[in-house]
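Residue numbers (this note's numbering), protein chains in the order written: chain A, 18 to 130; chain B, 1331 to 1441.
Please note: incorrect hints may appear among the correct ones.
[Claimed, not checked] Mimicking DSSO-like on lysine-lysine, the simulated pairs with C-alpha atoms at most 30 Å apart in a straight line are:
# : chain 1 : residue 1 : chain 2 : residue 2
1 : B       : 1386      : A       : 20
2 : B       : 1400      : B       : 1389
3 : A       : 72        : B       : 1387
4 : B       : 1366      : A       : 88
5 : B       : 1386      : A       : 72
Honestly, the hints are just simulated from the structure, not real lab data.
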Amino acid sequence: DVKVTQSSRYLVKRTGEKVFLECVQDMDHENMFWYRQDPGLGLRLIYFSYDVKMKEKGDIPEGYSVSREKKERFSLILESASTNQTSMYLCASTREDSHNEQFFGPGTRLTVL
Amino acid sequence: GQQVMQIPQYQHVQEGEDFTTYCNSSTTLSNIQWYKQRPGGHPVFLIQLVKSGEVKKQKRLTFQFGEAKKNSSLHITATQTTDVGTYFCAAPSGGSYIPTFGRGTSLIVHP
Chain A
18 DVKVTQSSRY LVKRTGEKVF LECVQDMDHE NMFWYRQDPG LGLRLIYFSY DVKMKEKGDI
78 PEGYSVSREK KERFSLILES ASTNQTSMYL CASTREDSHN EQFFGPGTRL TVL
Chain B
1331 GQQVMQIPQY QHVQEGEDFT TYCNSSTTLS NIQWYKQRPG GHPVFLIQLV KSGEVKKQKR
1391 LTFQFGEAKK NSSLHITATQ TTDVGTYFCA APSGGSYIPT FGRGTSLIVH P
């Protein structure tokens, strides 16, 4: 059974803190994605990675960075958290030959105070 | 910005009634996917449509891709409380192969 896991379901941080969100997939997928989900706005792509050490900006990369040192792990980093980054963060992965059937993790609800 | 416009944003139905959500694009889409997200859950892939005029069925769910490949719909016949959730369409935008998600339609089923 395919699986994408995220390090935390809920996280509370303070403004200015550095925040790490971790995502791990056990499907040997090449592509991994980070989205944020906000009410009424759907899912918006922050960054994606198509290989180890490779990354591409999505639609809303400002204030975020990513790291992919191993194939199975994709990290989202908030260098200095701000209140407008309070959101649900979803990680997803796909096979190399298909970007369209995305497997999502359970999500991390981040609150920045 | 969003390439696919999804309507309606919310839909309340009585259990047993039908439900339809629509996705529309100003440009031709190479393919479109549909996902379902239960309350408190994460999006789960339902189906992908690729061909012009394609119709696919999954039990009470019917998915259609328009002849011009600019619109798609998801129709649920005789809704049940288990159908509650948000339904998203997603399609590659511009020259990218990465799908952009619609804003979703939240289905509320009243018993």
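- Between residue 72(A) and residue 1387(B), does the CA-CA distance stay at or below 30 Å? violated (36 Å)
- Task: Sort out whether residue 72(A) lies within 30 Å of residue 1386(B), counting only the CA atoms.
- Result: violated (35 Å)
- Message: Can you confirm whether the C-alpha distance between residue 1366(B) and residue 88(A) stays at or below 30 Å?
- Response: Satisfied, since the Cα-Cα distance of roughly 27 Å is no more than 30 Å.
- Taking only the CA atoms, is the gap from residue 1400(B) to residue 1389(B) under or equal to 30 Å? Satisfied, since the Cα-Cα distance of roughly 25 Å is no more than 30 Å.
- Task: Sort out whether residue 20(A) lies within 30 Å of residue 1386(B), counting only the CA atoms.
- Result: holds (26 Å)
Hint compliance for this structure: hints 3, 5 are broken, all remaining hints hold.
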